[in-house]
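Line by line, the protein sequences are chains A and B.
Add 1080 to a position in the first sequence, counting from 1, and you land on the number used in our numbering.
Add 1080 to a position in the second sequence, counting from 1, and you land on the number used in our numbering.
Where hints are given, some of them may not hold.
Identical chains blur together in the list; that is why a pair holds if it fits in one copy or across any two.
Stated by the list, open to error - Derived lysine-lysine pairs resembling BS3-like cross-links, with alpha carbons at most 30 Å apart: (1) 1242 x 1168; (2) 1144 x 1168; (3) 1144 x 1242; (4) 1188 x 1152; (5) 1270 x 1247.
Honestly, the hints are just simulated from the structure, not real lab data.
Number of protein chains: 2
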Amino acid sequence: MGLLSLLLFLGTLVVATNGSPEVEVVHQIHPLRPQCGSAGTHVHGLSCLSWRFGVEAHNIIDWKTVPRSCKKYIGHYMLGKQYRKDSKAVVDQALSYAQSLKLAGDGKDVWVFDIDETTLSNLPYYAHHGFGVELYNATRFSKWVNEGKALALPESLRLYKKLLSLKFRIVFLTGRPESQGNVTAINLKKVGYHTFEKLLLKGSAYTGTAVTYKSSQRKKLENEGYRVLGNMGDQWSDILGTHIGNRTFKLPDPMYYIS
Amino acid sequence: MGLLSLLLFLGTLVVATNGSPEVEVVHQIHPLRPQCGSAGTHVHGLSCLSWRFGVEAHNIIDWKTVPRSCKKYIGHYMLGKQYRKDSKAVVDQALSYAQSLKLAGDGKDVWVFDIDETTLSNLPYYAHHGFGVELYNATRFSKWVNEGKALALPESLRLYKKLLSLKFRIVFLTGRPESQGNVTAINLKKVGYHTFEKLLLKGSAYTGTAVTYKSSQRKKLENEGYRVLGNMGDQWSDILGTHIGNRTFKLPDPMYYIS
Chain A
1081 MGLLSLLLFL GTLVVATNGS PEVEVVHQIH PLRPQCGSAG THVHGLSCLS
1131 WRFGVEAHNI IDWKTVPRSC KKYIGHYMLG KQYRKDSKAV VDQALSYAQS
1181 LKLAGDGKDV WVFDIDETTL SNLPYYAHHG FGVELYNATR FSKWVNEGKA
1231 LALPESLRLY KKLLSLKFRI VFLTGRPESQ GNVTAINLKK VGYHTFEKLL
1281 LKGSAYTGTA VTYKSSQRKK LENEGYRVLG NMGDQWSDIL GTHIGNRTFK
1331 LPDPMYYIS
Chain B
1081 MGLLSLLLFL GTLVVATNGS PEVEVVHQIH PLRPQCGSAG THVHGLSCLS
1131 WRFGVEAHNI IDWKTVPRSC KKYIGHYMLG KQYRKDSKAV VDQALSYAQS
1181 LKLAGDGKDV WVFDIDETTL SNLPYYAHHG FGVELYNATR FSKWVNEGKA
1231 LALPESLRLY KKLLSLKFRI VFLTGRPESQ GNVTAINLKK VGYHTFEKLL
1281 LKGSAYTGTA VTYKSSQRKK LENEGYRVLG NMGDQWSDIL GTHIGNRTFK
1331 LPDPMYYIS
């Protein structure tokens, strides 16, 4: 069994049990020992916790890489418990919002999810590429995506299942290219996202920003009669722009920035 | 010398030196020992750090009070070093953005600041009222404002001074009522905000949300020929809505929420 197969196997355990196997997975992903990831590590006067706050509150924008001095901090955060806890806090809000709604029940009540670091986790990839310290390499990342081995983000999967039971229609709206539509659909289904109304991928001709691309796709949805009641992403570009939906949710992601 | 006079006196030291007197001030404000405020205190399964992330990234909205279980955590955060560091990280971004601009130099280049917890700090008040755990009491808070003893937020004052030297015009846009215009102007000047183009306060007739009020005020500014190049607040309602300005900045504030 190769390392990635092992990861995937253990990854399913994470999803299945929400318990201690997570620590095992983490140890397989990266030699860093999981720590809380909440302490304000300081290098060169920069508090990595402050950097993370700056990123998540959209004060720090258009950055290319994680500050080198925060590599360990971000690694501990992503592999440790805080990332999961932060995700849970967002999902709890989303759930309580979703449960407060009275759906029309005409099949037009939609929840939009981004994919990478929103529903699927590429943590095994990023753990081997410096947790965002290395410059994004499209070729390498594309190769990883084609392996179809991304993991489910357990809190997002929990939300997804609940939304389905509440009769929401699920739309995945991703910056992944159309050429990766098949592998993406298979990956989504394999880790538990088995039912969805649409999987919207980016046409190869599109050259604009994620904000305008995703805005135009949501506008199309509205033109088709859908109501975007919830919209969740790990990037601000998932939830800014136009037609953003009734309410938006920002999952944590201190590893990369997409404008 | 009364406690508040002492606070104010020591508060000016904080602004003046950026050094160890801060700890002294803190000890005068509240018996809590300053700690890092970065650890993920847990009570009843809630990570207070996750709660703070949820608030700052605008996932947790329309909340009335800080969770009672996070009172100590928020107290430590506000009195300790992390609040200052988080503020510094935002101000550093704002400064580097401001310095990157080429101003027209016609006196119409504006930076909009909110007041409470953006340029002035009401921490002495909140330290005596549970750091946001107590329900907001308009009468009591109004009394505190009328004392004119709010402190300068040192990082914001640093930004303000630099913006002035870059020839920005400063506009204060606050939800404080017009009846507190005089005491607010005096308080601002006393702690170092001596020069400003406008101080915009909320007319007593206005009954809408902060978002719509502040949007309408910024629209008025634009109609008068001003260009809002920067817009900084501690609340999302300061920087959402319309006419938000070229770029917005969200300072930390885990003590209260204004919609």
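Hints and how they fare:
1. When the C-alpha separation of residue 1242 and residue 1168 is checked against a cutoff of 30 Å, the pair qualifies only within one copy, where the shortest distance is 14 Å, while the shortest distance between copies is 40 Å.
2. In this assembly of identical chains, residue 1144 and residue 1168 lie within 30 Å of each other by CA distance both inside one copy and across copies; the values are 27 Å within and 21 Å between.
3. When the C-alpha separation of residue 1144 and residue 1242 is checked against a cutoff of 30 Å, the pair qualifies only between copies, where the shortest distance is 27 Å, while the shortest distance within a copy is 35 Å.
4. When the C-alpha separation of residue 1188 and residue 1152 is checked against a cutoff of 30 Å, the pair qualifies neither within a copy, at 44 Å, nor between copies, at 45 Å.
5. Proximity of residue 1270 and residue 1247 under a CA criterion of 30 Å is satisfied intra-copy only: 21 Å inside one chain copy versus 58 Å between copies.
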